[in-house]
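Colleague: Dock chain X against chain V, hints included.
Chain by chain, the residues run as shown.
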Amino acid sequence: GQQVMQIPQYQHVQEGEDFTTYCNSSTTLSNIQWYKQRPGGHPVFLIQLVKSGEVKKQKRLTFQFGEAKKNSSLHITATQTTDVGTYFCAVPNQAGTALIFGKGTTLSVSS
Amino acid sequence: AAGVIQSPRHLIKEKRETATLKCYPIPRHDTVYWYQQGPGQDPQFLISFYEKMQSDKGSIPDRFSAQQFSDYHSELNMSSLELGDSALYFCASTFGQGSTDTQYFGPGTRLTVL
Chain V
1 GQQVMQIPQY
11 QHVQEGEDFT
21 TYCNSSTTLS
31 NIQWYKQRPG
41 GHPVFLIQLV
51 KSGEVKKQKR
61 LTFQFGEAKK
71 NSSLHITATQ
81 TTDVGTYFCA
91 VPNQAGTALI
101 FGKGTTLSVS
111 S
Chain X
1001 AAGVIQSPRH
1011 LIKEKRETAT
1021 LKCYPIPRHD
1031 TVYWYQQGPG
1041 QDPQFLISFY
1051 EKMQSDKGSI
1061 PDRFSAQQFS
1071 DYHSELNMSS
1081 LELGDSALYF
1091 CASTFGQGST
1101 DTQYFGPGTR
1111 LTVL
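Residue numbers (the working numbering), protein chains in the order written: chain V, 1 to 111; chain X, 1001 to 1114.
Looking at chain V on its own, in the form it has when it is part of the complex:
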């Protein structure tokens, strides 16, 4: 079935350092979505990428979709303690009727 691999599983950084999480699929994706889940919270939609090679920015967050539409990355510049949480990528299942989540990358930030 549809799967998406996400790495790393955990990342600890000092405040001000950069952070990147990666998602890879064995199949070509129609789109990929990114969600953030704070500790004790629920997944919150961040962004959706649809086009090959697409790059989108949200303040310190940069999202990329690979040229082959099989991989994606989320990069955070100069992390802050408010960035703490688990970042999930999610892709549509084959029928396009549900999301399949990556395992997530849990980011911790020390000040």
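Do not take every clue at face value.
To be verified - Here are some chain V residues pointing at chain X (derived, C-beta under 7 angstroms):
| hint | residue |
| --- | --- |
| 1 | 38 |
| 2 | 40 |
| 3 | 42 |
| 4 | 43 |
| 5 | 45 |
| 6 | 97 |
| 7 | 98 |
The set of hints was computed from the structure by calculation and includes no laboratory data. Glycine is no exception: its CB is placed at the ideal position from the N, C-alpha and C atoms.
Modeller: Relative to chain V, chain X alone:
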């Protein structure tokens, strides 16, 4: 803006008991998804409904059933509860069931089975 509402927020049950979780989607959203998230795990898709009909089925145990009502709210019914059913249960809603639709998640119901 109105968000997805889930009730109850916390639920404690004994083994072999039943539980009913409710989800009220964002107004005008016609599609509801249910996910189960174990501790430290990613959300696992259980089942979805579009316009009151089951749209897709994921890893939902036979002991669980769900439906979507005429007002688009949905209920997840869980019977013969097991310890392993302890998890966060999220409901998400969208308008339409396209693969590019953003899913808006509710706050979740934390189910603890003792």
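Colleague: Which of the listed hints are broken here?
Modeller: Going through the list in order, the structure violates hints 1 and 2 and respects the others.
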